[in-house]
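**Student:** For the protein sequence lines, the chains are A, B and C, in the order given.
Quick note on numbering: the first sequence equals residues 1 to 153 in this note's numbering.
Quick note on numbering: the second sequence equals residues 1 to 230 in this note's numbering.
Quick note on numbering: the third sequence equals residues 1 to 859 in this note's numbering.
Because the hints were derived from the structure by calculation, they are not lab data.
A few of these clues could be false.
Cut-off 27 angstroms, straight-line C-alpha distance, at most; resulting in silico cross-link-like pairs (DSS-like, lysine-lysine) [said to hold, decoys possible]:
| # | chain 1 | residue 1 | chain 2 | residue 2 |
| --- | --- | --- | --- | --- |
| 1 | B | Lys143 | C | Lys760 |
| 2 | C | Lys233 | B | Lys205 |
| 3 | C | Lys233 | C | Lys381 |
| 4 | C | Lys760 | A | Lys106 |
| 5 | C | Lys645 | A | Lys106 |
| 6 | A | Lys76 | B | Lys157 |
| 7 | B | Lys143 | A | Lys106 |
| 8 | B | Lys154 | A | Lys76 |
| 9 | B | Lys154 | A | Lys106 |
| 10 | B | Lys169 | C | Lys828 |
| 11 | A | Lys76 | B | Lys163 |
| 12 | C | Lys38 | A | Lys106 |
| 13 | B | Lys212 | B | Lys75 |
| 14 | B | Lys122 | C | Lys381 |
| 15 | B | Lys62 | A | Lys76 |
| 16 | B | Lys141 | C | Lys238 |
| 17 | B | Lys154 | C | Lys645 |
| 18 | C | Lys776 | C | Lys858 |
| 19 | B | Lys157 | C | Lys38 |
| 20 | C | Lys238 | C | Lys381 |
| 21 | C | Lys238 | B | Lys206 |
| 22 | A | Lys106 | C | Lys858 |
| 23 | C | Lys645 | C | Lys634 |
| 24 | C | Lys38 | B | Lys113 |
| 25 | B | Lys157 | B | Lys91 |
| 26 | B | Lys212 | A | Lys106 |
| 27 | C | Lys38 | B | Lys163 |
| 28 | B | Lys122 | C | Lys828 |
| 29 | B | Lys157 | C | Lys645 |
| 30 | B | Lys113 | C | Lys760 |
| 31 | A | Lys76 | B | Lys143 |
Keep in mind it's a predicted model, so treat the numbers as computed, not measured.
Here are the chains, one letter per residue:
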Amino acid sequence: MKFSLTRLFGMLAAAIILSACDGNKPATAPVAEPAKVVPAAPVDPVATAALLEGKKPVGAGIIADMVREGDLAVGKDFTMALGGRFHHIHTKLMAIKCATCHQGVKFPDNIQFLRREEFPLAAYPGAVDRGTCMGCHRGEGSLATSIYGVSPK
Amino acid sequence: MKLVRVIDTERCMGCRSCVAACAVENHFTVGAPWNVMIESESGTFPNVSRTYVTMNCQHCEKPACKVACDHAGFKAITKNALGVVLIDYEKCTGCGYCAAVCPYGVPQINGEKLAPLYPDEKPTPYENIPINDRHWTHRKKPKVAEKCTFCWHKLEKAVEAGKTNRIGKDREYTPACDLVCPVDARLFGDIDDQTSPVAQYIAKKKATQIKKSYGLSPQVYYVLEGGEQS
Amino acid sequence: MEVTRRSFIKGMGSLAGMAAVCGSAPAFARVSLFNGGKISEDVIKSICVNCVNFCGIEVRRVGGVIRSIAPDGARREIYNHGICPKGVSGGFTMYNPYRVKVPLKRTNPKKGLDQDPRWVEISWEEAFSTITERLAKIKKDNPSKLIWQHGHGKYLIGDEFPKAFAKAFGTPNVIHRTTTCESARHVADDITWGYHGFLPDLENTNLFVVFGSNYFEAEQYARWMDHTVTRAKERGMKIIVIEPRLSAPGAKADQWIPIRPGKDVAMVMAMTRLLIDAGQFDEPFLITYTNAPQLVGADGKILRDAEGKALVWDTTSNSAKPFVDGVTPALRGSYKVDGKSVSTGFDVYADSLKKMTPEAAADICGVPAQTIRDLAAQIGKEARLGTTTRIGDFSHRYRPVSIHTWRGMTAKEFGVQTWRSALMLQMLLGIPDAIGGHKLGKVYDHPDYMEAAKCEYPPKRVDLAKSVYFPNGHHDVCQQVALTVLDPKAYGLPYEPEMQIFYATNRPVSTSDTNVQFKSMEKTFNVTIELNMSETAWMSDIVLPDLGYLESWHFAPTRSTPTTKHTAIRQPIVNAYNIPHDGYSIIWELSKRLGIRDKYIEALNGTWKLKDTKFATGRDYTAREAVEVLWADKTHGKPFSIAIKEGFVGSTIPTKEVYTKGIEAQFKGAGKPKMQFYADSMVQTFEKLKQTVEKNGIKNIDVAQYKIAYSPFPTRDHAFPTPHREAEKLPFYLMTFKRMYRNQMACSNTNPILNFALGKDTQENHVMINTSAAAKLGIKDGDVVVVESRIGKVSGKCKLTEGIRPDTVGVSYHYGHIITAFPAYARKGIAINSVLELHPDKISGMNSFNDTKCKVYKA
C-alpha cells in the first residue's frame with residue numbers, strides 16, 4: 001500500500017472521529033462535527049439521501065472505501081450484536097447515533113414489515129426503518145456498499 | 001419465465017389460512033413464520049376501516065439479502081433460474097445481515113434451539129418425519145436464517161418433471177399459501193406468459209409492488225386497497 | 001403416488017420414535033428408502049369437521065403421517081373454494097398430545113371445576129360394563145332419566161344414531177346445541193313459512209343488507225358465502241353491514257352501520273314504516289303468497305269461517321270470504337264483519353308502526369335517523385318492485401335485495417321477533433324466493449310449525465322443548481337441561497334425571513350464566529365421549545376417548561347452496577393414538593349390551609329415512625359398513641368406490657327448480673296455505689299457554705311477559721330485553737362474537753399452528769373497547785380491566801379500537817379455559833360466558849348471548 005498524505009489525513013480524521021464517539025467518552029480534541037442525520041418521521045428515503053448529500057462527515061466516503069479495501073480493521077465478526085462489525089462500522093466509523101436508525105420503540109400497526117410483531121423488544125433500542133439505510137446504500141456509486149437500487153420507472 | 005405472486009388485498013378478508021398453510025407445508029419453526037398477516041385499523045368511529053395484508057418473501061429480482069450475504073462472504077443466499085431466492089442453512093452463519101438489509105423484514109434468524117410444536121411435549125409424528133426424508137429447505141437449524149421459498153420443494157418437482165409451464169396451475173406445482181385462499185385472493189405463475197391468469201390479473205387490477213423505492217424489483221405484486229403503509 | 005428419494009440411515013431412529021408416539025406402526029406403514037423401498041404418499045379426500053361448513057378437503061399423507069390439508073379443488077363449483085386455518089391445521093387435532101387416549105374413571109366424588117377428578121385409567125370393558133349396568137337400571141325404572149346431549153357430535157356421526165338409540169332405549173331426551181347457535185332464526189322461519197334455513201341469492205343480488213352475520217369467520221355457510229360475496233361485490237353488489245362491532249364482513253363492506261346491540265328490530269320497523277308510507281310495497285306478492293290480507297279482529301286473532309278457513313275481504317263481492325278462486329282479497333282497509341270491526345293483518349301491523357318514526361328508532365338503536373331513511377330508500381329502490389328478469393329461458397320475479405342475519409339478530413331474548421321483523425320486511429317487498437332475493441329452504445315441510453303450539457304440561461322432555469315453557473322450542477332447548485336437572489319439580493317434570501351422556505359437546509361452557517350449568521352437572525352421573533379433557537369431561541364420572549374427524553368413517557353432512565347440492569363421506573386417514581372406538585361404535589356396543597341392538601337398527605332405518613338400502617337386523621355393522629349402507633341409499637346405488645376415490649358426488653339444481661319449489665309451489669294463490677305475515681299462530685299459542693298456566697296453577701311463568709313475547713308481529717318492546725330494562729348503573733352493552741382461529745375450543749386451544757403460527761393476537765382474546773370510551777375511564781391499551789354484569793365479573797386485557805360503538809364492549813368466545821388439564825398457553829384469555837345473563841327467548845328457548853349490560857373498570 002503506497003503511503004500518501006491524503007491517506008494519512010484520512011486516517012487521522014478517522015482516529016479523531018473514532019475516539020470522539022467511542023462509548024460516550026469525553027472528546028480530548030476538537031472534532032469535526034459528525035453528520036447529524038435526524039430525518040422527520042415517517043422517513044422519506046429520498047429526502048434522507050439529500051440530507052446526507054449536503055452534510056456528510058468529511059471522509060465518510062474515504063472511510064467506506066477503506067473498509068471495503070480492508071485498510072481499516074473492522075474485524076470479521078459478522079453479527080448484528082453491538083460489538084460486531086456492523087455496529088462498529090455504523091456507530092463508530094460512521095458516527096451514526098443509536099436514535100438515528102432505531103427511531104421508534106415499535107413499528108406502526110400498518111407497516112409492511114414481516115417481523116413487525118417482534119417489536120417492542122426488551123433490551124433492544126427499537127425498530128429500524130430501512131429507509132435510513134438507503135441514504136448511503138443505494139444506487140450505483142453510492143457512498144456505502146450498494147444494496148438497494150433506484151425505483152424503476 | 002418470471003414467477004410472480006399477486007395478492008389482492010381488496011379480496012383478502014384476513015382469515016390467515018395462507019399463513020397456516022405455509023406453516024404446515026414448511027415444517028413451521030416456532031418464532032420464525034414465513035408468512036404473516038398485517039391487520040390494521042384506520043379512521044375514527046364510526047368512519048373506520050380495516051386492512052388485511054399478508055407478506056411472505058418478495059423474491060426480489062435484485063435481492064438485498066443476497067448482496068449483503070455475498071458481501072459478508074458467506075454466499076448462503078442464491079437466486080436460481082426460476083427466480084426463487086433461497087437460503088442454504090449449511091452455509092448460513094446466522095449473522096443477521098440479510099435481516100438487517102431486507103426492507104420487508106423477511107428473513108427470520110432462529111434462536112439457540114428449535115422448540116417442539118407443543119411446548120414441553122414430545123414431537124408429533126409430523127415433526128418426526130426424518131430430517132433426511134425432507135426437502136433441504138425443511139431441514140431447519142438453530143441459529144440460521146430462514147424464509148419463504150416460494151415452496152421451492154414443489155416448484156423443483158415441476159422442473160424435474162419438465163412441467164414448469166404448469167407452475168401455478170397444477171396444485172402440486174403451486175405454493176401452499178396460494179392453494180387455500182377461500183376468496184381466491186392469491187395467484188401464482190409466470191408473468192412473462194401473457195395468457196397466464198396471474199399476468200392478466202396484475203394488469204387488470206393495476207397491481208403494484210410495495211416499497212418500490214428500494215429498487216429491488218420484488219416478484220410479489222399487490223392489489224392495494226388503501227390504508228396500508230408501504 | 002410414490003416418490004423415490006435418496007436418503008441416509010440417520011433417520012432410522014426417528015421411525016422408532018414415531019412408532020413410540022403412535023403406539024404402533026401407522027395403518028398404512030411407511031416404507032422408507034433405508035428399507036430399500038419408497039416412501040408412500042397418497043392424497044385422500046374427506047370432509048373437514050372443525051366447524052359446520054363441512055368443507056371438502058384433500059389430505060396429503062406421507063409415510064402414514066398427515067403432511068398437509070388443502071381444499072378439494074373438485075368441490076369448487078358446489079361449495080368451498082378454500083379452507084380456513086383450522087382446517088389447514090386439522091392434523092394437529094389428531095396428533096394433540098393432550099387428547100384423552102384411554103377410558104378414565106373419576107375417583108374423587110366431588111365434582112367442580114376446581115376439583116381434581118383423580119382420574120384412573122380403566123379398560124374399555126370396565127367402562128362399558130359400568131355404563132351398561134347403570135343404563136339397564138334406568139331403563140327398567142324410567143328410561144327418561146337418561147339424557148343424551150351432543151353438539152359437535154351431531155356432525156361427527158350424525159344425530160340419527162343417538163336419536164335411534166334414544167328411541168330404542170325409551171328416552172325422549174336427546175338434546176342438540178341449537179339454542180346456543182341460531183335456534184331463534186330457525187323458529188322465526190318455522191312460524192313464518194313452515195320450515196327453516198335460507199340463503200341470499202348472491203349470484204343475482206344487488207344489495208346485501210346484513211344484520212350480524214360473520215360470513216368470513218363463523219357463519220354456517222361461510223366457506224360458500226365468502227367467495228360468493230366477494231365475486232358479487234366485484235360484479236357490483238353493494239354490501240351494508242349493520243352490527244355494533246366492525247367485523248371482517250364489516251371491514252369488506254361498502255358501509256358499516258354501527259347499531260346498538262339488541263335494537264335491530266327498531267331499525268327494521270322504522271324502515272318498514274317508511275316503505276309503507278311511501279307506497280313502496282309489493283301488493284300482489286302480499287296478497288298472493290302471504291296472510292297479510294287476512295282479517296284480524298279486536299281479539300288479535302284472524303277471523304275464520306265455520307270450517308276454520310281464514311277470511312279475507314273480497315273486493316269483488318264486498319264480503320268476508322276465504323281466499324278461493326274468484327275472490328279478490330283487499331290488502332288494506334277496515335271492514336265490518338258480523339257487526340264487528342276488523343282490519344287486514346297488513347293494516348294492523350302498519351298501524352302499529354306509526355310511532356316508530358326514524359327519529360324514534362334512532363333514539364332506540366343509536367343509528368342516525370337520516371341513515372335509516374337513506375337505507376330504507378336504497379332498499380326500496382334496489383328491490384325493483386314489479387319487475388321480472390330472465391335466467392336462460394326462465395322468467396321470474398326479480399327483487400335483487402337480500403336481508404340476512406346469522407346470530408346478530410337472533411342470539412338474544414327477542415331473537416324470534418327480531419328476525420321476524422326482517423322476514424316481514426322482505427315479504428313486504430316480495431323478496432322471498434325471488435331472483436336476487438332471499439332463497440328459502442324446504443318450504444312448508446312442517447305445517448305444524450305454523451299452527452298453535454302444544455304448550456305441553458307436564459313436560460315430557462328435560463329441556464322443556466315444546467312444553468308450556470318454550471312452546472315453539474322446535475330445536476331443543478339445550479341450556480334448560482341444567483336448570484331442570486337442578487329443580488325438576490319446579491317445572492313439573494314428572495321424573496328426576498339420573499344420568500347424562502355428553503357426546504362431543506362442551507355444553508356448560510357454551511351457554512350463558514355458566515356457573516349454574518356446572519352446578520347442575522354435579523347432580524347426575526355423567527359420561528363424556530370426547531377428544532379432549534374439556535370442562536364437561538372434567539365434571540364427568542367416566543370419560544371415553546373419541547376418534548377425530550380425520551380418523552373415522554362417517555356419512556358426512558354437507559351444505560347445499562341455492563344452485564348446488566352434494567353427498568359426501570368422511571374416511572379415516574390416521575389413528576394417531578390407536579383408539580379402538582368412536583361415538584358410533586360406542587353407541588353400537590351399548591345397544592348390544594342392553595339387548596336393544598335390533599330395536600336400535602330398526603330405529604336407524606327410521607331416523608335415516610332409508611328407502612332403497614336399509615340396515616338389516618340380526619347383525620352388526622362396522623362404521624365403514626354403516627357408511628356404505630347410507631351412501632348406497634342416499635346416492636341411489638352409486639358405487640362406494642366413488643366415495644373412497646372422490647369423496648363426494650354433487651349436482652347442479654336446474655334454475656327453474658331453484659326458484660319454484662318453495663313458496664311458488666306451496667303458498668301461491670287461491671286455496672293455498674299462506675306465509676304468516678301476521679303470525680296468528682302465535683296469538684293462538686299464547687291463548688293456549690294462558691289456559692295451561694291457569695289450569696295447572698303454574699307459578700313460574702310470567703304470563704304478561706309471554707304475551708309480549710308472543711305478539712303476532714314485532715313491537716317496540718322487543719328492542720328491550722330484560723337486562724336493558726332492569727340493569728342500573730351498568731352503562732355498557734356487552735356483546736360477544738366468534739373468531740376465525742378458535743372453534744370447538746377444547747380441540748383448538750392447544751393447536752400449535754393456531755396458537756403460534758398465525759400471529760400473537762390469536763392466543764388470547766381481549767375486551768374490545770372504543771378508544772374514546774376507554775379514555776373517559778382512564779383505561780389504556782393493554783390494561784387489565786374488569787367486566788362486571790349483574791351476575792358476575794371476569795377480568796382480562798383490553799384492546800382499544802375505533803371499530804366498536806362507544807357504548808358497547810365486545811369479548812369473543814373460545815378462550816379462558818380454567819381447568820388444569822390444559823397447559824398455561826392454552827388457558828389464556830377471558831371466558832365471557834359466565835357473566836352473560838340468561839333470559840331465553842320464550843318462543844324458541846334460544847339462549848340469550850348479547851343482551852347483557854355491564855360496567856368496565858381498571859382492575
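**Student:** Compare the structure with each hint and give your call.
**Tutor:** Hints and how they fare:
For the proposed pair Lys143 of chain B and Lys760 of chain C, the alpha carbon gap of about 22 angstroms is at most 27 angstroms, so the pair holds. Distance hint between Lys233 of chain C and Lys205 of chain B is fulfilled; the C-alpha atoms sit about 14 angstroms from each other, no more than 27 angstroms. For the hint linking Lys233 of chain C to Lys381 of chain C, the alpha-carbon distance of about 18 angstroms falls within 27 angstroms, and the restraint holds. Distance hint between Lys760 of chain C and Lys106 of chain A is fulfilled; the C-alpha atoms sit about 15 angstroms from each other, no more than 27 angstroms.
Proposed proximity of Lys645 of chain C and Lys106 of chain A is contradicted: the alpha carbons are some 51 angstroms apart, above 27 angstroms. Distance restraint check for Lys76 of chain A and Lys157 of chain B: the Cα-Cα separation of roughly 38 angstroms exceeds the 27 angstroms cut-off, and the hinted pair is therefore not satisfied. The hinted pair formed by Lys143 of chain B and Lys106 of chain A meets the criterion: a straight-line CA distance of about 24 angstroms does not exceed 27 angstroms. A hinted pair counts as satisfied when its Cα atoms are at most 27 angstroms apart, and Lys154 of chain B with Lys76 of chain A does not qualify at roughly 37 angstroms.
Between the alpha carbons of Lys154 of chain B and Lys106 of chain A the distance comes to roughly 36 angstroms, so the proposed pair goes past 27 angstroms and is violated. At most 27 angstroms may separate the alpha-carbon atoms for a hinted pair to count; Lys169 of chain B and Lys828 of chain C exceed this at roughly 41 angstroms. For the hint pairing Lys76 of chain A with Lys163 of chain B, the CA-to-CA distance comes to about 44 angstroms; that exceeds 27 angstroms, so the pair is violated. With a C-alpha separation of about 49 angstroms, the suggested pairing of Lys38 of chain C with Lys106 of chain A is violated against the 27 angstroms cut-off.
Simply put, Lys212 of chain B and Lys75 of chain B have alpha-carbon atoms about 25 angstroms apart, close enough for the 27 angstroms limit, and the pair holds. Under the criterion of a C-alpha separation no larger than 27 angstroms, the hint pairing Lys122 of chain B with Lys381 of chain C is inconsistent with the structure, at around 62 angstroms. The straight-line distance between the Cα atoms of Lys62 of chain B and Lys76 of chain A is roughly 25 angstroms, inside the 27 angstroms bound, and the hint therefore holds. Taking the CA atoms of Lys141 of chain B and Lys238 of chain C, the gap is about 50 angstroms. The hint is violated against a cut of 27 angstroms.
Note on Lys154 of chain B and Lys645 of chain C: the hinted pairing holds, with a Cα-Cα distance of about 23 angstroms set against a maximum of 27 angstroms. Annotation: proposed proximity of Lys776 of chain C to Lys858 of chain C holds, straight-line Cα distance about 12 angstroms (limit 27 angstroms). Between the alpha carbons of Lys157 of chain B and Lys38 of chain C the distance comes to roughly 17 angstroms, so the proposed pair stays at or under 27 angstroms and holds. A C-alpha spacing of about 13 angstroms is found between Lys238 of chain C and Lys381 of chain C, which places the hinted pair at or below 27 angstroms, so the restraint holds.
With a CA separation close to 22 angstroms, the supplied pair Lys238 of chain C and Lys206 of chain B stays within the 27 angstroms bound. As the CA atoms of Lys106 of chain A and Lys858 of chain C are separated by approximately 25 angstroms, the hinted pair is consistent with the 27 angstroms bound. Using a Cα cut-off of 27 angstroms, the hinted pair Lys645 of chain C and Lys634 of chain C holds, with the two alpha carbons roughly 17 angstroms apart. For the given pair, Lys38 of chain C sits about 31 angstroms from Lys113 of chain B by alpha-carbon distance, which is inconsistent with the 27 angstroms threshold.
The suggested pairing of Lys157 of chain B with Lys91 of chain B holds, with an alpha-carbon distance near 23 angstroms, which does not exceed 27 angstroms. Taking the CA atoms of Lys212 of chain B and Lys106 of chain A, the gap is about 23 angstroms. The hint holds against a cut of 27 angstroms. For the given pair, Lys38 of chain C sits about 23 angstroms from Lys163 of chain B by alpha-carbon distance, which is consistent with the 27 angstroms threshold. Restraint check: the Cα-Cα separation between Lys122 of chain B and Lys828 of chain C comes to about 22 angstroms, which is no more than 27 angstroms; the hinted pair holds.
As the CA atoms of Lys157 of chain B and Lys645 of chain C are separated by approximately 24 angstroms, the hinted pair is consistent with the 27 angstroms bound. Distance check on the hinted pair: Lys113 of chain B and Lys760 of chain C sit about 20 angstroms apart at the alpha-carbon level, within 27 angstroms; holds. Note on Lys76 of chain A and Lys143 of chain B: the hinted pairing holds, with a Cα-Cα distance of about 18 angstroms set against a maximum of 27 angstroms.
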